[in-house]
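Asks: If you read the sequences in order, they're chains A and B. Under this note's numbering, think of the first position of the first sequence as 1, with each following residue one higher. Under this note's numbering, think of the first position of the second sequence as 1001, with each following residue one higher.
Misleading hints may appear alongside valid ones.
[Said to hold, decoys possible] Facing chain A, according to a computed beta carbon distance under 10 angstroms, are these residues of chain B, among others:
#	residue
1	His-1079
2	Met-1110
3	Arg-1244
These aren't lab readings, by the way, just hints derived from the structure by calculation. Every value quoted in this text rests on a predicted model; they were computed, and no experiment measured them. Cβ atoms here follow ideal geometry from the backbone N, Cα and C, with glycine treated the same way.
There are 2 protein chains.
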Amino acid sequence: MREVAEAAGVSVATVSLVVNNKPDARIGADARQRVHDAIRALGYRPNALAKNLVSGGSRFIGLVTDAIATTPFAGQIIHGAQDEAWKHGYILLIANIEGNEEAEREAISMMLEHQVRGVLYSTWYHRAAAVPAPLRETDVVLVNCYSPAGDVRAVVPAEVQGGRTATELLLREGHRRIAIINTTTPSPAHDGRLRGYREALEAAGVAYDPALVFNAQPDQSGGYDVVEHLLAQGPTGVFCHNDRVAMGLYDGLRERGLSIPEDLAVVGFDNQEVIAAHLRPPLTTVALPHYELGAAGVRVLLGVEDAPGDGRVEVACPAVVRSSVGPAQGKGAVPRAVGLRRS
Amino acid sequence: MREVAEAAGVSVATVSLVVNNKPDARIGADARQRVHDAIRALGYRPNALAKNLVSGGSRFIGLVTDAIATTPFAGQIIHGAQDEAWKHGYILLIANIEGNEEAEREAISMMLEHQVRGVLYSTWYHRAAAVPAPLRETDVVLVNCYSPAGDVRAVVPAEVQGGRTATELLLREGHRRIAIINTTTPSPAHDGRLRGYREALEAAGVAYDPALVFNAQPDQSGGYDVVEHLLAQGPTGVFCHNDRVAMGLYDGLRERGLSIPEDLAVVGFDNQEVIAAHLRPPLTTVALPHYELGAAGVRVLLGVEDAPGDGRVEVACPAVVRSSVGPAQGKGAVPRAVGLRRS
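The shape of chain A in the complex, shown without the other chains (with noise of 0.2 angstroms):
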């Protein structure tokens, strides 16, 4: 802008009066075109911010993150959040922070001074978030997270419905011996799926049975570690915490000459692009609706969609039935049910 105003003979403050265009600034025609004439000249560009100042506002949505632009599991929150975000005119601008603090403060500041719409804020695993101050000066939602004091309105994944999903998914089959392969990292989805789990159990008028639930590290090498301890139970079906359980499991079972799902059905959570489609057989699983999570956090943001009365909006998780559920049959569960008959 000085540069500007040195190449057109006039003060930095009449540059800024002309590129904003005000009306009311008492500038000579000629004044304004040898500015119009420097700017041209130079290559300078109109001044965003000033634009935004005037029009209070600019095109820009801000998505502040842990890492989900790093990870390879929640990238559809992003996706979703510009699609929805691109309908309503807006840009998403992503700051990827991987616990950086300081990078946070200067991100959010920028967005900030910037003045974008509104900012998403979001995290890779569902979990419970501190939102930093700075963001309480603008609008923002969390997605993916929420605060434990529940005074930021946030767009969760429904952990319970999801598990509900995923073990109604075995029910519907005819299992009633059904073992769950949670997390051991305390979190949302552990007790969330765990919750869903005894809620489709009762409503089924299956009895809980706490020898069924297991706890392992939530990948592949905590499906395979515990093959041994679940098939110990005779269960004819198991929900794995996630897909990449799921994988392990397969792996832990096929080296035991076992089937899927003859002789043991499967359910994971997640739908995880890598995994779920293309194991063998392909894994039937609940998706994490992380698409989803991204659209509603900007629609809620924009008020386009109303968060309810505590501010929480839970998206549901949904079932994606591929080919490692069948019927309940064969060896594996008739004898045990035969057993709690008394025969």
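Start from chain A and add chain B according to the hints.
Replies: Quick look at chain B alone, frame taken from chain A:
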């Protein structure tokens, strides 16, 4: 800014001069104080752009990408770029475009208007890219892609070296009958890795046999579907275009009762986070150096690292040795070798 001017009883131009803290501005101490008071009272934030205009640049580097933030494949490009940017006091701002050209124009325009230090333009797989014209107005470095005209600096994976390294992992264990399952997709990866394979064979004195070159869809189904044809050629080792292909190959071999590495040694490519370390046996592979691509992109952009004369920086693809390659011995390899000796 208009609100501040009204509250302080001064012109917008005066507010601009005060905010920019211009030492040569002729503004009374009283007016200056009123502006500062109004700014505080209204919760106005310092004008980042005005500051940029004074200092000649912002603390941000832009990353414009097709889909790195949303696919599960190349997120570490972002990780490497942001770590390196931060080392030099910059923050990475990401626009993930997904083919939306209008959004791309807007995001780039915003970055230029806000005087980012420069822009990385990056793709989720290695390919030729058309550089958006407005990016020529700033410093730009291509990452994981290149301009066919060769007129823009580019940081790309060393595909030929990667193919050579993958093949050498098999050669050094005594394998001589080595197959390659390449991709059906024309790409730098297809051409480069095949060339590396041929170079490694030649250096080892092993004749190139076109019957050992297969093309398959670059995912699990491709690796699974090619098994029969592959085995008919009697290889003792196979270099797969990527880890997903290797995963499908694992399934196909297991169904035939064959063991890895005893019956067939397998090498992947990518070192894909969700898969490579988690197959059974864990997959020996060659890593796509995504983190290093992003970091090198920032170094070239900032002038910390020079691009060679042709503007093309190749980043090495290192071997990641796990358990899917064993020595070439036993029935697979020997009869062929004997046959070649005309015994």
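Asks: Taking the closest Cβ pair, is Met-1110(B) under 10 angstroms from chain A?
Replies: With a closest approach of 6 angstroms, the Met-1110(B) hint holds.
Asks: Verify the interface restraint on Arg-1244(B): the C-beta must sit less than 10 angstroms from at least one C-beta of chain A.
Replies: Result: holds, 7 angstroms to nearest chain A Cβ.
Asks: Classify the hint on His-1079(B) as holds or violated, based on whether any CB of chain A lies nearer than 10 angstroms to its CB.
Replies: holds (4 angstroms)
This entry satisfies every hint, going by the numbered hints stated previously.
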